[in-house]
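**Student:** Please build the complete structure, drawing on both the sequences and the hints.
Protein chains: 2
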Amino acid sequence: MTRASLSAAPKTVRVDLGDRSYDILIGPGLIATAAGEIAGRLKGRRMAVITDEHVAPLYLEPLMASLKEKGIEAVSLVLPAGEKTKSFEHLIPVCEAILGARIERNDAVIALGGGVIGDLTGFAAGIARRGSRFIQIPTSLLAQVDSSVGGKTGINSPHGKNLIGVFHQPDLVLADTDVLDTLSPREFRAGYAEVAKYGLIDKPDFFAWLEKNWQAVFAGGEARIEAIAISCQAKADVVAADERENGRRALLNLGHTFGHALEAATQYDGRRLVHGEGVAIGMVLAHQFSARMNLASPDDATRVETHLKAVGLPTRMNDIPGTLPPAEKLMDAIAQDKKVKGGKLTFILTRGIGQSFVADDVPANEVLRFLEEKHPG
Amino acid sequence: MTRASLSAAPKTVRVDLGDRSYDILIGPGLIATAAGEIAGRLKGRRMAVITDEHVAPLYLEPLMASLKEKGIEAVSLVLPAGEKTKSFEHLIPVCEAILGARIERNDAVIALGGGVIGDLTGFAAGIARRGSRFIQIPTSLLAQVDSSVGGKTGINSPHGKNLIGVFHQPDLVLADTDVLDTLSPREFRAGYAEVAKYGLIDKPDFFAWLEKNWQAVFAGGEARIEAIAISCQAKADVVAADERENGRRALLNLGHTFGHALEAATQYDGRRLVHGEGVAIGMVLAHQFSARMNLASPDDATRVETHLKAVGLPTRMNDIPGTLPPAEKLMDAIAQDKKVKGGKLTFILTRGIGQSFVADDVPANEVLRFLEEKHPG
Numbered sequence: 001m002t003r004a005s006l007s008a009a010p011k012t013v014r015v016d017l018g019d020r021s022y023d024i025l026i027g028p029g030l031i032a033t034a035a036g037e038i039a040g041r042l043k044g045r046r047m048a049v050i051t052d053e054h055v056a057p058l059y060l061e062p063l064m065a066s067l068k069e070k071g072i073e074a075v076s077l078v079l080p081a082g083e084k085t086k087s088f089e090h091l092i093p094v095c096e097a098i099l100g101a102r103i104e105r106n107d108a109v110i111a112l113g114g115g116v117i118g119d120l121t122g123f124a125a126g127i128a129r130r131g132s133r134f135i136q137i138p139t140s141l142l143a144q145v146d147s148s149v150g151g152k153t154g155i156n157s158p159h160g161k162n163l164i165g166v167f168h169q170p171d172l173v174l175a176d177t178d179v180l181d182t183l184s185p186r187e188f189r190a191g192y193a194e195v196a197k198y199g200l201i202d203k204p205d206f207f208a209w210l211e212k213n214w215q216a217v218f219a220g221g222e223a224r225i226e227a228i229a230i231s232c233q234a235k236a237d238v239v240a241a242d243e244r245e246n247g248r249r250a251l252l253n254l255g256h257t258f259g260h261a262l263e264a265a266t267q268y269d270g271r272r273l274v275h276g277e278g279v280a281i282g283m284v285l286a287h288q289f290s291a292r293m294n295l296a297s298p299d300d301a302t303r304v305e306t307h308l309k310a311v312g313l314p315t316r317m318n319d320i321p322g323t324l325p326p327a328e329k330l331m332d333a334i335a336q337d338k339k340v341k342g343g344k345l346t347f348i349l350t351r352g353i354g355q356s357f358v359a360d361d362v363p364a365n366e367v368l369r370f371l372e373e374k375h376p377g
Numbered sequence: 001m002t003r004a005s006l007s008a009a010p011k012t013v014r015v016d017l018g019d020r021s022y023d024i025l026i027g028p029g030l031i032a033t034a035a036g037e038i039a040g041r042l043k044g045r046r047m048a049v050i051t052d053e054h055v056a057p058l059y060l061e062p063l064m065a066s067l068k069e070k071g072i073e074a075v076s077l078v079l080p081a082g083e084k085t086k087s088f089e090h091l092i093p094v095c096e097a098i099l100g101a102r103i104e105r106n107d108a109v110i111a112l113g114g115g116v117i118g119d120l121t122g123f124a125a126g127i128a129r130r131g132s133r134f135i136q137i138p139t140s141l142l143a144q145v146d147s148s149v150g151g152k153t154g155i156n157s158p159h160g161k162n163l164i165g166v167f168h169q170p171d172l173v174l175a176d177t178d179v180l181d182t183l184s185p186r187e188f189r190a191g192y193a194e195v196a197k198y199g200l201i202d203k204p205d206f207f208a209w210l211e212k213n214w215q216a217v218f219a220g221g222e223a224r225i226e227a228i229a230i231s232c233q234a235k236a237d238v239v240a241a242d243e244r245e246n247g248r249r250a251l252l253n254l255g256h257t258f259g260h261a262l263e264a265a266t267q268y269d270g271r272r273l274v275h276g277e278g279v280a281i282g283m284v285l286a287h288q289f290s291a292r293m294n295l296a297s298p299d300d301a302t303r304v305e306t307h308l309k310a311v312g313l314p315t316r317m318n319d320i321p322g323t324l325p326p327a328e329k330l331m332d333a334i335a336q337d338k339k340v341k342g343g344k345l346t347f348i349l350t351r352g353i354g355q356s357f358v359a360d361d362v363p364a365n366e367v368l369r370f371l372e373e374k375h376p377g
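Chains A and B, in that order, give the protein sequences. Numbering follows the working numbering, with no gaps: position 174 of the first sequence is 174. Numbering follows the working numbering, with no gaps: position 214 of the second sequence is 214.
Hint data in this document are derived by calculation from the structure and do not stem from the laboratory. Among the clues, some could well be false.
Which copy is meant is left open, so a pair is good if it fits within one copy or across any two.
Unchecked claim - Heads up, simulated DSBU-like pairs for lysine-lysine below, C-alpha to C-alpha not over 35 Å straight-line:
(1) Lys203 <-> Lys68
(2) Lys309 <-> Lys68
(3) Lys341 <-> Lys68
(4) Lys212 <-> Lys70
(5) Lys161 <-> Lys84
**Tutor:** Dropping the structure here:
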């Protein structure tokens, strides 16, 4: 498929942020043609490519060859793979590599990898020379539909995940859909949870389309490209309306409050639960809780659960292997994530499929009772 | 004087940056009354105070006492003094201290110190939770009139000074003019070079006023407050017109291209040359070079030199103790600071006192010949 699809023009999603606007190109074969897209948009002829040891053997060479062919002088830095790389320990050599490569005003830093590489590299680009140009080449579905849109960058701290970083928008995102064929089914599914999320936030027709067409999305080809483009557009629209997360952007956290609590409860052990799986369970819980609060029909919760289960995602807390801490401990994790004010929490709830909203007066004790019911013991 | 002056209302300079606008208060006794000013403007009741071992013994206790009295819970972190503190090594514990203090949306990070503490702390505040509120209490004249206005923050890299950082505007600046009485005369003079700079950029009347009143400015009292307020206003005006340094803001670099080259040539050894002294010599050189290029009268260069010499600042390269490298080496340092394009440099030149402008076509070989003349051997 790669060869034939090289001729197809990629889909373009524009992220509209005034003088920080940028394009997301989505399509097959984009890594091999990356330099052409870059050279057509940026004047600089020096780049620093940051990637990890999993991605490098697959895609670094074709990317570097493409850059060289267009007369772009590039250096590369290969980091260890995994969440631990999002730390000051690795941020420092990335910054020094960028400065050492003399990346200047019209040059750029390129992140080639998943969310970890994107977040870390974007942060380094955001602080090197108080802001350097930045190109994302996301290599996971999650990174293509989520972290590569919106400009959030950062690293983890002993005090929590993503607590240190900046908002730094990329100048260009190249989402090569061919790379998704090398993802494990589990990793693809985890990214798919975020795709489904956009339907559940405010696109009921997209969710219905996914219910019908998810197999085609998983198989690759046009349906997959379409699903990624709609997801990027959905996130781009929210981000354009609320770049710094004061209001509407919070909707992107649908399923994430419960999801983060479950990730914390499993000590971020990816063997037990990865982020997208936590979000899948969290979205089901958010719909069930909304039904319990008489905001939405229980049928909607059932519909969400049925679809996510069909694609192979976990949908219940006891789908997670191993023992979970008791409900009160999960509640502590939620309270740490979201501040509790006068016994009330801010939560993303829903009035039905595609009708999510920010609820800022959710009684903490109702959440606890709900968790106790869903996870007795 | 402190006691009597406590009753005087501080002068206020407003830095106009849309929703990032803030006030600079200038006057005596502001550290002791800091908490009142803070509590009147910010809702948060948690603060983290970052300072250094030189400043802490003088001002940390009164500041902490003032905060406590207003019901503000504050932690403090005391760092080593000196330029070496502007490094990742010290940035990390500052970030962790901020996160550990649970500084949230309405709380703030306070920098109590000179330029090093301000730049480092501002950077940490800019990246902790992707941007935390930030209050500057600058304790040197240089910091009061220069680094505390404009939002540039950062640390040094082995590749150069200030190469890693963010633009992060403070929410409030408290310039307590009493603290200047504890500066060494040399440190005060170095800060004064930047005060004079504002006159030379575009305020000929201010420069003339300084020529007449500099002794009163050095002595303290109203003239000093006035000079600081005019300086802050001057910088605020430039920054408001050009927050991200694309055009007009470059004027603030008057004297800095030569100055930086001299700082580099003396290996940033503060015993030989401190920043403001480099700027003083640099401003004289910029006026002399402008005269040589027939842009300005040589009388203006003489007037600048006479004034800076009168206050006790160095004005010539051979005022610097020790041996300087030859002119070509200085030229290399200039070329590294500013890019040379087709043999041309961008430089801040002048048509006379208070008539500076950005010249982007200065022949590099003319600069070299000028340096050879001024510094033979």
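**Student:** Does each hint hold? Answer for all of them.
**Tutor:** Verification of the hints:
In this assembly of identical chains, the alpha carbons of Lys203 and Lys68 never lie at most 35 Å apart, being 42 Å within a copy and 50 Å across copies at closest. For a Cα distance limit of 35 Å, the shortest separation of Lys309 from Lys68 qualifies neither inside one copy, at 45 Å, nor across copies, at 55 Å. Only between protomers do Lys341 and Lys68 lie at most 35 Å apart by alpha-carbon distance; the minimum there is 24 Å, versus 56 Å within a single protomer. For the homomeric pair Lys212 and Lys70, neither the shortest alpha-carbon distance inside one copy (42 Å) nor that between copies (61 Å) is at most 35 Å.
Taking the shortest alpha-carbon separations for Lys161 and Lys84, both the intra-copy value of 10 Å and the inter-copy value of 29 Å come in at or below 35 Å.
The earlier numbered hints that this structure contradicts are 1, 2 and 4.
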